[in-house]
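Enquirer: Numbering (full-length UniProt numbering), first residue to last: 1 to 310.
Any given hint might turn out to be false.
[Said to hold, decoys possible] The calculated EDC-like cross-link candidates involving lysine to aspartate or glutamate, where the alpha carbons are at most 20 Å apart (straight line), are:
#1 K109 x E272
#2 K171 x D261
#3 K171 x E150
#4 K121 x D148
#5 K171 x E272
#6 K139 x E272
#7 K171 x E252
#8 K171 x D148
#9 K121 x D261
#10 K121 x E150
#11 K109 x E89
#12 K109 x D9
#13 K109 x E287
#14 K109 x D33
[To be verified] Pair ranges (Cβ atoms, derived):
#15 I239 x D261: 23 to 31 Å
#16 T6 x E287: 13 to 21 Å
#17 T149 x P34: 37 to 45 Å
Quick caveat, the hints were computed from the structure, so don't treat them as lab data. Idealized CB from N, CA, C, for every residue including glycine.
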Amino acid sequence: MLLRFTSPDMLNTSLIDVVTGEQTYDIVTVLVDPTDPAENEEHSPSANSTSSPVASSSKPCTPTAVGSSRSSKNKRLRSSDSGEQANAERRQTRITDATGNVVAHILWKGRRPDITICDEKVGALTDLFGSTTVRFMPKALVIPTRFDTEYIWTATPNSLTLFDYDTETIKGTFYQNAIRIPMRSKVSKLNLRSSSKPRLSSKSTDFLSSPASTTSLSTSSTVDSESGPDTKPHKPTLITTRFPGVGSNYLEFSPHPLAHDVEIILSFLMMEILRRGRFSLTPYAFEKPKLWQFKEARDLFMRRLRRNTV
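Start from the sequences, fold in the hints, and give me the full structure.
Expert: And the structure:
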């Protein structure tokens, strides 16, 4: 399945099936009024679940990342008012399918998500990924999946994939700022070749009766029959531009029998936010996606400039 994001803001976008051209999912994130008791009571996280913050820095995030020491309190007091306001804000993200039914819901308290998929209350990120520990490698972030012990999420500074250790194949890839180049099928070329073949005259009957010519004709007919009208079109090519604002975002994955498609999509979104925090990339911002995109382009330019001047 290959899905295209209609907006650079991955939490406010529609997902279009590239094959059919139809909208499969719609993702909307809005602010929640904290004074509305109905909203807070309906979507508040359970008391026994521990929320895990979505990373916004390169430091590893754990449920106890916010310390209770005096020094940490002083640091929090010296933080900017905008940061405190962002942590206090509540948002909700709803993912609806093509029929308009809500298939996933996220309640954000600052950057801490509380996730519900279909009728299942998943909880925090540790519950979504089925693990409380994360393997931090120098150049990769590896997180397991909860629906298959052989499936792992693998993130690097330039890639995000879902890998199957059992078959040693990639089952999902997130393409950012990519350009899609559709590949034409060979059917049209074969039809042109068949239509351009000259008709044989009656004088060539003796030539067709020779064994060599019969062999060549049978071989060509076999090739034509194997690559005839049943030939499937080639897989489209996605070229990553590596420049914010150029191209679109795509998500390609293979369905899993033990996981709903929306769970794989939602996990990819959470992994992308974690990837940005782990590798000191431009963190995801809930507001002003165009400004965030401009900041990402500026940060990318500065990183390349420092790399070339060292």
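Enquirer: Taking the hints in turn, state whether each one holds.
Expert: Hints and how they fare:
no.: 1; hint: K109 x E272; result: holds, 19 Å
no.: 2; hint: K171 x D261; result: holds, 13 Å
no.: 3; hint: K171 x E150; result: holds, 11 Å
no.: 4; hint: K121 x D148; result: holds, 19 Å
no.: 5; hint: K171 x E272; result: holds, 16 Å
no.: 6; hint: K139 x E272; result: holds, 15 Å
no.: 7; hint: K171 x E252; result: holds, 8 Å
no.: 8; hint: K171 x D148; result: holds, 12 Å
no.: 9; hint: K121 x D261; result: holds, 16 Å
no.: 10; hint: K121 x E150; result: violated, 24 Å
no.: 11; hint: K109 x E89; result: holds, 6 Å
no.: 12; hint: K109 x D9; result: holds, 19 Å
no.: 13; hint: K109 x E287; result: holds, 15 Å
no.: 14; hint: K109 x D33; result: holds, 12 Å
no.: 15; hint: I239 x D261: 23 to 31 Å; result: holds, 25 Å
no.: 16; hint: T6 x E287: 13 to 21 Å; result: holds, 19 Å
no.: 17; hint: T149 x P34: 37 to 45 Å; result: holds, 40 Å
Hint 10 from the earlier list is the only one contradicted by this structure; the remaining hints agree with it.
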